[in-house]
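Could you slot chain B onto chain A? The hints should help.
2 protein chains.
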Amino acid sequence: MDQLLIKSLKTLVGEKNVFDSFEDCFCYTYDASFSKIDKKNTPGIIVFPETTEQVSAVMKFAYEHKITVIPRGAGSNVSGGTLSLPECIIMVLTKMNKILEIDRENLLAVVETGVKTGQLQQEVEKIGLFYPPDPASLAFATIGGNVAESAGGPRGVKYGTTKDYVLGLEIVLPTGEIINTGGRVIKNVTGYNLTQLFTGSEGTLGIITKVVLKLVPKPEAKKTMLAIFNKIETAGQAVSGIIAQGIIPTTIELLDDVYIKNIEEYAHVGFPLDAEAVLLIEVDGDEELLEKQVRKIEKVCKEIGAREVRIAQNEQEADELWTARRAAFASCARLKPTIIGEDATVPRSEIPAMIKRIREIAARYNVLIAVVGHAGDGNLHATFLCDEIDKEEMSRVEKAIDETFYAALELKGTLSGEHGIGRAKAPFIKQQIGEDGYRVMKKIKLALDPENLLNPGVMFGE
Amino acid sequence: MDQLLIKSLKTLVGEKNVFDSFEDCFCYTYDASFSKIDKKNTPGIIVFPETTEQVSAVMKFAYEHKITVIPRGAGSNVSGGTLSLPECIIMVLTKMNKILEIDRENLLAVVETGVKTGQLQQEVEKIGLFYPPDPASLAFATIGGNVAESAGGPRGVKYGTTKDYVLGLEIVLPTGEIINTGGRVIKNVTGYNLTQLFTGSEGTLGIITKVVLKLVPKPEAKKTMLAIFNKIETAGQAVSGIIAQGIIPTTIELLDDVYIKNIEEYAHVGFPLDAEAVLLIEVDGDEELLEKQVRKIEKVCKEIGAREVRIAQNEQEADELWTARRAAFASCARLKPTIIGEDATVPRSEIPAMIKRIREIAARYNVLIAVVGHAGDGNLHATFLCDEIDKEEMSRVEKAIDETFYAALELKGTLSGEHGIGRAKAPFIKQQIGEDGYRVMKKIKLALDPENLLNPGVMFGE
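Sequence order for the protein chains is A and B. Quick note: the first sequence, position 351, residue 351 per my numbering, numbers continuous. Quick note: the second sequence, position 385, residue 385 per my numbering, numbers continuous.
Excised from the complex, chain A in its bound form (with noise of 0.2 Å):
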């Protein structure tokens, strides 16, 4: 990048606030997608702006002299949508990172966009609150990657997902003015929901600087349980029986047979090594309600053809459960040294029909799939497996992920249930949404950005 520029952008946020080493800047070519870094996208600079007026003053700079800007939280998305382009500024976020206020009376939270939601979480629930949304970046990841990204989670299924609980915004917008939307109530219908446009917009039509949250009262207690199945399908068919029974638990995991060995040898949980499935089932609420819950929850899945349901007794055996589902990545990271986790999602009562397409997917083009995933919402993650330089074995890999979103979209689900588009996810986004729907996408992008300087080429792949 241009001394000048350089010297001008360390003028607006501080010398303190930037990069601009070669060494520096390339360390913010990746985000926790699977990409090949490739040299030429190093960045011009990296602005650490402390200020909202700090991130307007950088927009309205790069709209004058036409640079690219790319906003950055944790960098933690799994879906490309923080790797860099040739030059840019990386704008990130995280000295933006305090807490300015905790409302009890209205259930609610202001925070500035850098903060770390496990932090969030813990803040919160030392006074009784309760902030859902559980990434399982979420001990790095910040709430305003979170809402750029609409990030979701386990406890979907119960909870719903980041979108469900952002009330208002502060955003600066690509030409660098500054507008808040939404606000401090939860009925509030004046003007469009600018709110839940730029929410999950992946930094494309402005800049989070400022995020109000809702926040619900804590639950009480939890309870944890794990069904064990023989065939996978009868798992996926158990996800439908609880739901019918009137119980919406807080979540439903599915892990595959690939899960379950990867995760025993490496945890020693007492997983079943001969099951091809099990539920990851946990309920919370109040304590006597739960009992029932579980109860009913242990009935229908024997009744679907669960071989076994194991109630955790207390709430170390729960843990154990927790610490060994959020293991499942890394516990298969000895098999391969390459792992894509997608997560196109189908409508729940279609999971047996995905995981059955994803098993001869994996059989057809002879990959390693596993299967792990929020079942109780529909969203399965399929975990290809694989060796990033092994060139003929990635071009069937590549082949089995396009048909997996062909799946997902046959069977009326998404091409991204939480983890976004991003650039990995962009070249199919026409498939789901249409040439018309991806017109007036395009058409907001440009009202809003009208030089495209905006984490360009994100979401639309141009």
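Honestly, I wouldn't trust all of these hints.
The list cannot tell twin chains apart, which means a pair is met if one copy fits it or any two copies do.
[Said to hold, decoys possible] No more than 20 Å apart at the CA atoms, straight line, and that leaves these computed lysine to aspartate or glutamate pairs for EDC-like: (1) LYS430 to GLU177; (2) LYS430 to ASP390; (3) LYS10 to GLU64; (4) LYS222 to GLU320; (5) LYS214 to ASP402; (6) LYS261 to ASP274; (7) LYS158 to GLU220; (8) LYS60 to ASP436; (9) LYS356 to ASP449; (10) LYS442 to GLU298; (11) LYS126 to GLU101; (12) LYS214 to GLU388; (13) LYS95 to ASP20; (14) LYS443 to GLU87; (15) LYS210 to ASP436; (16) LYS292 to GLU233; (17) LYS399 to GLU50; (18) LYS299 to GLU403; (19) LYS231 to ASP274; (20) LYS412 to ASP103; (21) LYS158 to ASP103.
In case anyone wonders, no lab produced these hints; they're calculated from the structure.
For chain B alone, kept in the frame of chain A given last:
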């Protein structure tokens, strides 16, 4: 309207689906909002399309001939969202009224836009499911209208509003193309959240023709109670007190002394004539849990200063209380001929402050303002009781309404919690969303409707 245009439109939707006499057209100059009927605004034609393709054909035709189109369900909105413009096409969508599907396994329904909200509720409740949004107009309002206005209702406290149940939409764009947004899954982050952009867009961005709605299991039981207060401020405080117990009731409705007296004289349900306020509280869910919640609510209301808490002993007693609540507006019609119900909304903790402001405004302008509302979510309905032929009084009422809006905004609230902006509140929208926020909305409008033909003036006031 030109006879050739009328002839063409008859060809597009069929002769039987058109009204073009002055008398018929005049009937579509109004909606449920307070507004003077103006002869000059008589529409040119009323069309009743029966299919999405007909809606699309009419929009294409309108675009070609630059004719204004105003879509309309039951016309029950109270913000002037469906008032006519001179020589426009009014598109009434009530003939597209089929429930296409109720999917028990995936907890969703697919309906045409003209299905009545109450009808859908009855159908899904027959099979143990529940569609919570309950605007006062549910017996005749349409789902499409509810989605266009993002309608609310008493159950918003616990269950949210219409927007929280819209999973997907079929929309005809202003330029006639048909798009599908969202889908049949709860987790879906493919592209911008167009579903939520169109929800609450008040017929300005597209015409909703089909809706995929989320359903939930029907609660096992419910309990209704009435808390009686000598001071309305104490009732306001009790609302926050209940929530602080970690209980989110289904509804917390507040009625002030004007309403209490008028309802009692009209409905005879035993409302205490000397009380300054009552809270009508309902909880639902597991039967055993309800008993516990009712006891907790009773305790906290008494601690905060309720002079009495009555618990409905059976369904009939509960129904009587709710019938009384629903009669609120009707009961006041005896006092004054013109009733203007506003819905400026404040954060829950500001209810006592907002009530104080409303009383001050009433005194300052010597205007009769009654207060009823969904206190659990801060969504108060200040009701202006007046006589529209009394010009002098009306000028005071108008000033009092303006000040009510400003009071809500000062208390970090919103102009509209659930009624929408329409033509009635359009002059105030910039006060809340700012010049830059307004420009963002306008850019989106123009990107999708470059000729400003679809419901022009609504929300933007130009």
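Comparing the hints with the structure gives:
When the C-alpha separation of LYS430 and GLU177 is checked against a cutoff of 20 Å, the pair qualifies only between copies, where the shortest distance is 15 Å, while the shortest distance within a copy is 31 Å. Taking the shortest Cα distances, LYS430 and ASP390 never come within 20 Å of each other, neither inside one copy (30 Å) nor across copies (58 Å). With identical chains, the CA atoms of LYS10 and GLU64 are at most 20 Å apart within one copy only, with a shortest distance of 16 Å there and 53 Å across copies. Proximity of LYS222 to GLU320 under the C-alpha cut-off of 20 Å is restricted to the intra-copy arrangement: shortest distance 14 Å within a copy versus 37 Å between copies.
In this homomeric assembly, LYS214 and ASP402 never come within 20 Å of each other (Cα to Cα): the closest approach is 37 Å inside a single copy and 29 Å across copies. Proximity of LYS261 and ASP274 under a CA criterion of 20 Å is satisfied intra-copy only: 8 Å inside one chain copy versus 71 Å between copies. Proximity of LYS158 and GLU220 under a CA criterion of 20 Å is satisfied in both settings, with 15 Å inside one chain copy and 17 Å between copies. Taking the shortest alpha-carbon separations for LYS60 and ASP436, only the inter-copy value of 15 Å comes in at or below 20 Å, while the best intra-copy value is 31 Å.
Taking CA atoms no more than 20 Å apart as the test, LYS356 paired with ASP449 passes in neither setting, with 43 Å inside one copy and 44 Å between copies. In this assembly of identical chains, LYS442 and GLU298 lie within 20 Å of each other by CA distance neither inside one copy nor across copies; the values are 48 Å within and 54 Å between. Taking identical chains as interchangeable, the C-alpha atoms of LYS126 and GLU101 lie at most 20 Å apart only when both belong to the same chain, with a minimum of 14 Å there against 44 Å between chains. With identical chains, the CA atoms of LYS214 and GLU388 are never at most 20 Å apart, being 42 Å at best within one copy and 41 Å at best between copies.
Within a single copy, LYS95 and ASP20 get their C-alpha atoms as close as 17 Å, which meets the 20 Å cut-off; across copies the closest is 63 Å, which misses it. For the identical chains of this complex, LYS443 and GLU87 are neighbours neither inside a copy (26 Å) nor across copies (30 Å), given an alpha-carbon limit of 20 Å. In this assembly of identical chains, LYS210 and ASP436 lie within 20 Å of each other by CA distance solely across copies; the values are 17 Å between and 32 Å within a copy. For the identical chains of this complex, LYS292 and GLU233 are neighbours neither inside a copy (26 Å) nor across copies (40 Å), given an alpha-carbon limit of 20 Å.
Proximity of LYS399 to GLU50 under the C-alpha cut-off of 20 Å is found in neither arrangement, the shortest distances being 44 Å within a copy and 43 Å between copies. Taking CA atoms no more than 20 Å apart as the test, LYS299 paired with GLU403 passes in neither setting, with 36 Å inside one copy and 59 Å between copies. Taking the shortest alpha-carbon separations for LYS231 and ASP274, only the intra-copy value of 10 Å comes in at or below 20 Å, while the best inter-copy value is 67 Å. Taking the shortest alpha-carbon separations for LYS412 and ASP103, only the inter-copy value of 13 Å comes in at or below 20 Å, while the best intra-copy value is 40 Å.
For the homomeric pair LYS158 and ASP103, the shortest alpha-carbon distance between copies (18 Å) is at most 20 Å, but the shortest distance inside one copy (23 Å) is not.
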